[in-house]
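Participant: Residues per chain are reported as follows:
2 protein chains.
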Amino acid sequence: MIHIDHVGLATADLQTLADLYTSVLGFRAGERETLPEQGVDVLWLHAGGGANVELLAPLEADSPVGRFLEKHGAGMHHLALRVPDVAQALQRCRQAGLELIDQAPRRGSGGTLVAFVHPKSAHGVLIELVQTAHGE
Amino acid sequence: MIHIDHVGLATADLQTLADLYTSVLGFRAGERETLPEQGVDVLWLHAGGGANVELLAPLEADSPVGRFLEKHGAGMHHLALRVPDVAQALQRCRQAGLELIDQAPRRGSGGTLVAFVHPKSAHGVLIELVQTAHGE
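Chains as they are written, first to last, in numbering that gives the first Met the number 0: chain A, 0 to 135; chain B, 0 to 135.
Simulated from the structure, these hints should not be mistaken for lab results. It should be emphasised that the depicted structure is a prediction, and the values quoted were computed from it without experimental measurement. The reader is advised that the hints may include incorrect statements.
Label pairs and their in silico Cβ distance ranges [as the list claims (entries may be wrong)]: (1) R93/B x Q102/A: 19 to 29 Å; (2) Q102/B x D84/A: 45 to 55 Å; (3) R91/A x Q102/B: 42 to 52 Å; (4) E32/A x A11/B: 31 to 41 Å; (5) D12/B x Q94/A: 18 to 28 Å; (6) Q37/A x A132/B: 38 to 48 Å; (7) H71/A x Q37/B: 23 to 33 Å; (8) Q87/A x E98/B: 37 to 47 Å; (9) E32/A x G72/B: 27 to 37 Å; (10) E30/A x S120/B: 23 to 33 Å; (11) A86/A x I100/B: 35 to 45 Å.
Here are some chain A residues pointing at chain B (derived, C-beta under 7 Å) [to be verified]: (12) H2; (13) G48; (14) A50; (15) R91; (16) G123.
Where chain B lies over chain A, by a calculated footprint (3+ residues, C-beta under 8 Å) [to be verified]: (17) 24 to 38; (18) 72 to 83; (19) 92 to 100.
Ideal Cβ positions, reconstructed from N, Cα and C, are used throughout, including at glycine.
Assemble the whole structure, with the sequences as input and the hints as a guide.
Facilitator: Next up, the structure:
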């Protein structure tokens, strides 16, 4: 069965947003990663039940998250769905006529396989398909 | 501990979006409700792990979701966080200086108590605090 894996939030100010989600709302701060090839700083915020929040701050303006902030401002950036087999899920999306950003799964953070579906064909929602290292 | 309860998606076309999330992505269609006082049609889509998707379609243009669609187009509308005590969580948000939409908890769907925090003070994210009938 499909699970919500995480919700990605874009912000220009990772630390202030992290403080809100930990001190005020009660999330637990997790791993922080800098991904230079994607131009983004990432901070994971853990909740109960396995659905988490991923904070994203751009390293430079000319990066995917930088351009998102320029266009939309801070806010919800993507919805990540955990699937048993990302290649299979991607194939179903292709057959349904969705526009894919990734034609094949690629390596995500923490040993995951990921692929993105374009918001244009998914009612404005950037969908990330995620397969964890251990399947489900 | 806090949990992601659901992600609310706004659309003008509930059925097409529901088909995408059920037939293609593997969510299970749940309850459908019309809430005339909020001007919205709701369809619940269930995933594993207790974090679900709520589809929202406006009954008329001049409604909260109708105005959201007019301004932003279809997409992610709100992030709902399940808390043990919504009055307490709301008080923490108030003390942290967040702008509240609801000054006190109000009745949500299915016997829940809910309150919304304004996106202006939460980095562009409309946050719903949800307390289920049975606490956690």
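Participant: Hint by hint, note whether the structure agrees.
Facilitator: Hint check results:
1. For R93/B paired with Q102/A, a C-beta distance near 48 Å fails the hint of 19 to 29 Å.
2. Separated by about 47 Å at the C-beta atoms, Q102/B and D84/A satisfy the suggested range of 45 to 55 Å.
3. Under the hint 42 to 52 Å, the C-beta atoms of R91/A and Q102/B, about 45 Å apart, fit the expected range.
4. The given range of 31 to 41 Å is respected by E32/A and A11/B, whose C-beta atoms sit roughly 37 Å from each other.
5. Range check, D12/B to Q94/A: about 20 Å between beta-carbon atoms, so the 18 to 28 Å window is met.
6. Between Q37/A and A132/B the beta carbon distance is about 42 Å. The supplied range of 38 to 48 Å therefore holds.
7. Range check, H71/A to Q37/B: about 25 Å between beta-carbon atoms, so the 23 to 33 Å window is met.
8. For Q87/A paired with E98/B, a C-beta distance near 44 Å keeps the hint of 37 to 47 Å intact.
9. Between E32/A and G72/B the beta carbons are some 31 Å apart, a value that agrees with the proposed interval 27 to 37 Å.
10. For the pair E30/A and S120/B, the supplied restraint of 23 to 33 Å holds, since their beta-carbon distance comes to about 27 Å.
11. For A86/A and I100/B, the hinted distance range of 35 to 45 Å is satisfied, since their beta carbons lie about 42 Å from each other.
12. Interface restraint check for H2/A: the shortest CB-CB distance to chain B comes to about 5 Å, inside 7 Å, so the restraint holds.
13. Because the smallest distance between the Cβ of G48/A and any Cβ of chain B comes to about 5 Å, under 7 Å, the interface hint for this residue holds.
14. About 4 Å separates the beta-carbon of A50/A from the nearest beta-carbon of chain B, less than 7 Å, and the hint is met.
15. Using the Cβ-Cβ criterion of 7 Å, the hint placing R91/A at the interface with chain B is satisfied: the shortest such distance is roughly 5 Å.
16. This hint holds: G123/A has a C-beta 3 Å from the nearest C-beta of chain B, less than the 7 Å allowed.
17. For a cut-off of 8 Å, the count of residues in the region 24 to 38 of chain A with a CB near a CB of chain B stands at 4, and the three-residue condition holds.
18. With a cut-off of 8 Å between beta carbons, the region 72 to 83 of chain A has 7 residues touching chain B; three or more are needed, and the interface restraint holds.
19. Only residues whose beta carbon comes within less than 8 Å of a beta carbon in chain B count, and the region 92 to 100 of chain A has 3; three or more means the coverage holds.
In this structure, the one hint that does not hold is number 1.
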